[in-house]
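> With these hints in hand, go ahead and build the complete structure from the sequences.
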Amino acid sequence: MNSPNTSAPARNVDVARHTDHHKLMHRIRAFETAALKANEEKLVLGAIHPSIGQEAIAAGVCANLRRDDYLLSTHRGHGHTLAKGANANQMMRELLGREGGNSQGKGGSMHIADFSVGMLGANGVVGANINIAAGAAHAIKLKGEDKVSLSIFGDGAINRGPFLEGLNWAKVFELPAVFVCEDNGFASTTRTDAMTAGPGPAARAESLGIPAVTVDGNDVVAVDEAARELVEAARSGGGPRFLVCKTYRLTGHTAADAAPYRPSAEVDEAWKNDPIARCAALLLGAGVSQDELSAHATDATAEMEAVYEDAKAAAWPAIDLAYADVQDIGDPREEANRW
Amino acid sequence: MNSPNTSAPARNVDVARHTDHHKLMHRIRAFETAALKANEEKLVLGAIHPSIGQEAIAAGVCANLRRDDYLLSTHRGHGHTLAKGANANQMMRELLGREGGNSQGKGGSMHIADFSVGMLGANGVVGANINIAAGAAHAIKLKGEDKVSLSIFGDGAINRGPFLEGLNWAKVFELPAVFVCEDNGFASTTRTDAMTAGPGPAARAESLGIPAVTVDGNDVVAVDEAARELVEAARSGGGPRFLVCKTYRLTGHTAADAAPYRPSAEVDEAWKNDPIARCAALLLGAGVSQDELSAHATDATAEMEAVYEDAKAAAWPAIDLAYADVQDIGDPREEANRW
Amino acid sequence: MVTMSYAEAGKQALADEMRRDPLVWAVGEDLGRGGVFGQYKGLVEEFGPDRISDAPISEAAIMGASVGAAMAGTRPVVEMRFADFALCAVDELVNQAAKARYMLGGQTKVPMVIREPMGMWRSSAAQHSQSLESWYTHIPGLTVAAPSTPADNFGLLKSAIRADDPVVYFEHKNLWGLEGEVDEAADPIPFGKARIEREGADITIVAWSAMVHFAREAVNTLAEEGISAELIDLRSLWPWDKDAVLASVGKTGRLIVTHESVSVGGFGAEIAATVSEALFGKLKAPVKRLAAPRIPISYAPPLEDEVRVSPARIAETARAMVSQ
Amino acid sequence: MVTMSYAEAGKQALADEMRRDPLVWAVGEDLGRGGVFGQYKGLVEEFGPDRISDAPISEAAIMGASVGAAMAGTRPVVEMRFADFALCAVDELVNQAAKARYMLGGQTKVPMVIREPMGMWRSSAAQHSQSLESWYTHIPGLTVAAPSTPADNFGLLKSAIRADDPVVYFEHKNLWGLEGEVDEAADPIPFGKARIEREGADITIVAWSAMVHFAREAVNTLAEEGISAELIDLRSLWPWDKDAVLASVGKTGRLIVTHESVSVGGFGAEIAATVSEALFGKLKAPVKRLAAPRIPISYAPPLEDEVRVSPARIAETARAMVSQ
Ligand SMILES: Cc1ncc(C[n+]2csc(CCOP(=O)(O)OP(=O)(O)O)c2C)c(N)n1
Ligand SMILES: Cc1ncc(C[n+]2csc(CCOP(=O)(O)OP(=O)(O)O)c2C)c(N)n1
Ligand SMILES: [Mg+2]
Ligand SMILES: [Mg+2]
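Note that the protein sequences, when read in sequence, are chains A, B, C and D.
Position 301 (the first sequence) corresponds to 301 in this note's numbering; numbering is contiguous.
In this note's numbering, each number is its position in the second sequence, counted from 1, plus 1000.
In this note's numbering, each number is its position in the third sequence, counted from 1, plus 2000.
In this note's numbering, each number is its position in the fourth sequence, counted from 1, plus 3000.
Keep in mind that the hints were calculated from the coordinates and are not lab data.
Treat each hint with caution, since some may be false.
[To be verified] Within a straight-line C-alpha distance of at most 20 Å, the following computed DMTMM-like cross-link-like pairs (lysine to aspartate or glutamate) qualify:
#1 A:Lys42 x A:Asp310
#2 D:Lys3109 x B:Asp1331
#3 A:Lys42 x D:Asp3164
#4 B:Lys1143 x D:Asp3164
#5 C:Lys2242 x C:Glu2181
#6 C:Lys2109 x A:Asp331
#7 C:Lys2251 x C:Asp2202
#8 D:Lys3193 x B:Asp1291
#9 C:Lys2284 x D:Glu3277
#10 D:Lys3193 x B:Asp1268
#11 D:Lys3282 x C:Glu2277
Okay, structure coming up:
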């Protein structure tokens, strides 16, 4: 599934850029580690889907997006959202259902969104973000803007109808849309290849006239470079593009899933291919000190522990919010039909 | 779109088989001609979608199906249904909403079906028959039968989600399913290629691991030969197969559509490629007399005129049927909630 | 005041709003050739194919892409062709469009209009005839409208396009050709305001969409017999004009709710339940629902007609209630 | 009699029916590993992967293929995982499964069970919490069930699997772990027969699914205060046991209908409208619906709780009605 090769080939290393990746990946990992702790402490209330092991995709892809570009994500969206520039405090508050969460505690992890940085939402329905992203790209085209709209989804999503409809749509209208498939080998407890016919996501995209590139999704440099080209092509009027990132889900499907359906040796092996360690090795080779690299980790951990403390201390959202933002027309309170 | 070449290359002509095709195509044409007349006389009550010009697909494909194989069709399904062996009298009665129609007048043209010959229904929802056909194939596999399930749909249907989901399903479960796309260049008033990304139906099927063959759909011999191989492969456990038949819709989308959105020269040109004329030319070349060929036409016309007369004379279905076959549980009459 | 058809009124409203706001656009299958009922005829010539946009046969994408396009600042008008086909895009409407604003804590709104031609249209059979308006009244976040006249189609469609949230907009297929007076300078008609089509003292009849016209026939018949019926056209079902209905039934003491869709689980139940509760002890007769039996819609006319509530039946019911 | 959980009862019923009839099979995502709620645990070991079949994430194909598989002589049990995801397959359910038998003039039946885990399950938010049972009561051709106990889940699921037409089968996510006595030798429970959970004289409370348990709490509280409430568990909503409800309300003169789904357009409206009409002049108080406000379901517990009807609120309402 993923390349077990942890030493990157010799290449020109952009130290500043990859240092940013390294920091960001640590921040994502630390955020999710804190979220898992919060989950154990029963302070996260709904399901959370960690992206541990997949951080290179979030970092590498989003490094190529502007703040005003659009991003649409999945149930496994913490990393993407952080990488797009969302505020970690607001995100953690959202996961804990507290006041000051991005969505005022009304959405939680599976609906994480931050419109202030162009992040238009994770989604609880597999594949639903694909058409929404195509539509955001449609708006960009209609308004004559130079933004792109990028959606990230899993390898399980490619079997849903909206995958076909959304990609066809983006190509028919030649929209500035980029589709990124995180191919982590699993859809919940099922190995994806058992339920996926044919050669996979890239071939499907190509059959719809959309150029597709496949990369090692645990190599942040490869992801970054591929994404740069694809985003650029889409932004400059070249029509939609497709990126497949091969990776592995190091945790269970949700925080509650111990993943007994796969051998631990497989997981151990996959840990050797940890994208953060690979990025660190690259930077070390390029002359960055181990101390500095370690500092990224400890800084991230400290940041996210504070983020968690902040969220823990936050109040519940005001009850009135239950009736806010339903729709402008009609009063939902009047319709409560209670005694 | 379709090959304008009306003279078939020299080949070994199976006169008996192609004579059957020729007769059948004339019967389909005559049935629809009668239906159009019925429509003009306001005796057909809902929309009808003629398949005039596409008869070679119905004939060539269904010649390779057994009576107990399953067929699922579209809104444009008269030809397929006749070719599967349905009774023309029952069909015309159905189109006129009369007693003795296949579905007792409850479905009409768009829901034409004849379970006694394995024809499980046309469909009013574009693309919906694809999943249903995959499911019938699934049942065949579960029951260990040697049937196949074949669905026919248009080139517009390949942009609907069920196309992806149904083909993926059939391949994942290696089902005895054959998918036939009638590529007639139009979806209602819209040229399909304007709304279809990428190289088209065959490439999409192949991206899902399903072998696909493209033929001139106005050449009944080519359709027959290709279908034979594909049906055989599916029947013998080879998994699903895909057939694209290039053709042209000689009439409007429905009987009510004068098709002003296309130049008449284009239609005139397409008439030169009439599949019936092409088949006749082939048989003539193989020694069949013009008289015999003409007799096929006049016999078919006579048959279908009688069919129309029979339907015209038939009574309306009994009112009680309105409440029959809703479901076994619960009485719909009781729920009429009328005074 | 101009005379125009129901279809033309819709077209005129859309064209006006598209002239007024460059962010309004329409998308659906075959729109470039005027739409299947001609309700977009000529618009592509004025607005071009980007704003009167064709679409692949991809209802889920039409709906889902419009959600994204709405979030990204445009105002899509979505054409579903037949209300039945909107069932190919329910996740996009119910799980996405309707919930996004709330679920995302007000970070976005989803201004879109979903046009769903509804209802029985001679011998269209079970997959091209449905009226499922009650479904959408049950979904928080959605507004639901069902105009019965050209003037209402003009005024309500304008409101729908200007609304900042998704509006499910049911046009009745049997009304496309209906002619009526339209004041082209009139303000948009707000949702939740019923139209008292006829004042009366003895019984109230509540209807919407095409059923208003059947009810009017019944009211005329009753008038000849000296029974004075008040006919209320709800115009929108969510919100619905509870005040107008309660005021009317408070006066007449009797209510018939009639709709084309299935009686069981239909919106008539909501109205009947609400009125029965609010006017408990003040009604002169039980509230009566006249709607379709719980059967799919047939192709053959005599069977199809079993599903229709006729003016005669409405009149008969009213007569019996008044003499009770 | 054996004690088992609601989830186990469903599993047991399915296993029994699969042993009895080799044409019964189940299909859905992750079934091979027991299903997301463990409700299929161990079944693949007994029946193999063809009959406890995994599926791609393709709800439309799961539903649509099952329609075809049912037409071709098998009896699929379709797992939708969350009722919300069934919205990705509404055309297949409503336009195809529900209508095929009728539309094709009785040439086929479509025996399939659509299992839809429903309802609020702490902090699952707007896309994983919905209760849309009223929708399906509105669709001719569909049977709708919503069991509240292990015994009912056992008996009703058996009936659903043996039924020759599509049954939309709502299991409540909050009930999976609920334990109860099940008679494994009992006959399947027919649809349309309510269970009188508690007899009473002063007021009738009608509920289904998880709400039965809230209502029972309220009934207990009321009993301590000397108010005798009759609690009816409908078990199936289509058909629903009108006779039992009318008999009960005929006796008590008062009715509360309570459900977890949104009040507007909910099935409570159908019951309230029916009872108000049938028992006109015989009621001691207006029929009261207690159900959710018309808002999506929030993630944060205090906001989510705004959607819930509590036992306290049911008791309070009953108290007020009885003292009226
Ligand atoms: C339409 C739909 N069906 C099923 C689910 C349940 N579900 C949630 S995540 C998931 C697996 C998704 O797999 P993939 O797309 O590969 O993403 P990953 O979890 O691997 O990131 C499933 C089946 C859902 N959320 N939506
Ligand atoms: C889901 C759905 N969307 C739209 C329609 C309306 N419609 C009926 S036929 C048709 C065109 C179909 O084109 P194609 O699949 O190429 O078949 P053809 O008519 O050319 O045989 C359309 C859009 C429908 N029946 N179902
Ligand atoms: Mg995956
Ligand atoms: Mg076509």
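> Are the Cα positions of lysine 42 (chain A) and aspartate 3164 (chain D) separated by 20 Å at most?
Violated, at roughly 45 Å.
> With the threshold set at 20 Å, check whether the alpha-carbon distance from lysine 3282 (chain D) to glutamate 2277 (chain C) stays at or below it.
Cα-Cα ~14 Å, so holds.
> Is lysine 1143 (chain B) close enough to aspartate 3164 (chain D), meaning Cα to Cα at most 20 Å?
18 Å, holds
> Is it true that the CA of lysine 42 (chain A) sits at most 20 Å from the CA of aspartate 310 (chain A)?
16 Å, holds
> CA of lysine 3193 (chain D) to CA of aspartate 1291 (chain B), is that 20 Å or under?
70 Å, violated
> If you draw a straight line from the CA of lysine 3193 (chain D) to the CA of aspartate 1268 (chain B), is it 20 Å or shorter?
65 Å, violated
> Would the hint linking lysine 3109 (chain D) and aspartate 1331 (chain B) be met if the CA-CA limit is 20 Å?
At roughly 17 Å apart (the allowed maximum being 20 Å), aspartate 1331 (chain B) and lysine 3109 (chain D) satisfy the hint.
> With the threshold set at 20 Å, check whether the alpha-carbon distance from lysine 2284 (chain C) to glutamate 3277 (chain D) stays at or below it.
Holds, at roughly 12 Å.
> So if I understand the rule, the pair passes when the alpha-carbon distance is 20 Å or less; does lysine 2242 (chain C) with glutamate 2181 (chain C) pass?
27 Å, violated
> Given the proposed pairing of lysine 2251 (chain C) with aspartate 2202 (chain C), does the C-alpha separation stay at or below 20 Å?
At roughly 8 Å apart (the allowed maximum being 20 Å), aspartate 2202 (chain C) and lysine 2251 (chain C) satisfy the hint.
> Can you confirm whether the C-alpha distance between lysine 2109 (chain C) and aspartate 331 (chain A) stays at or below 20 Å?
Distance of about 17 Å is within 20 Å: holds.
Checked against the numbered hints above, the structure violates hints 3, 5, 8, 10; every other hint is satisfied.
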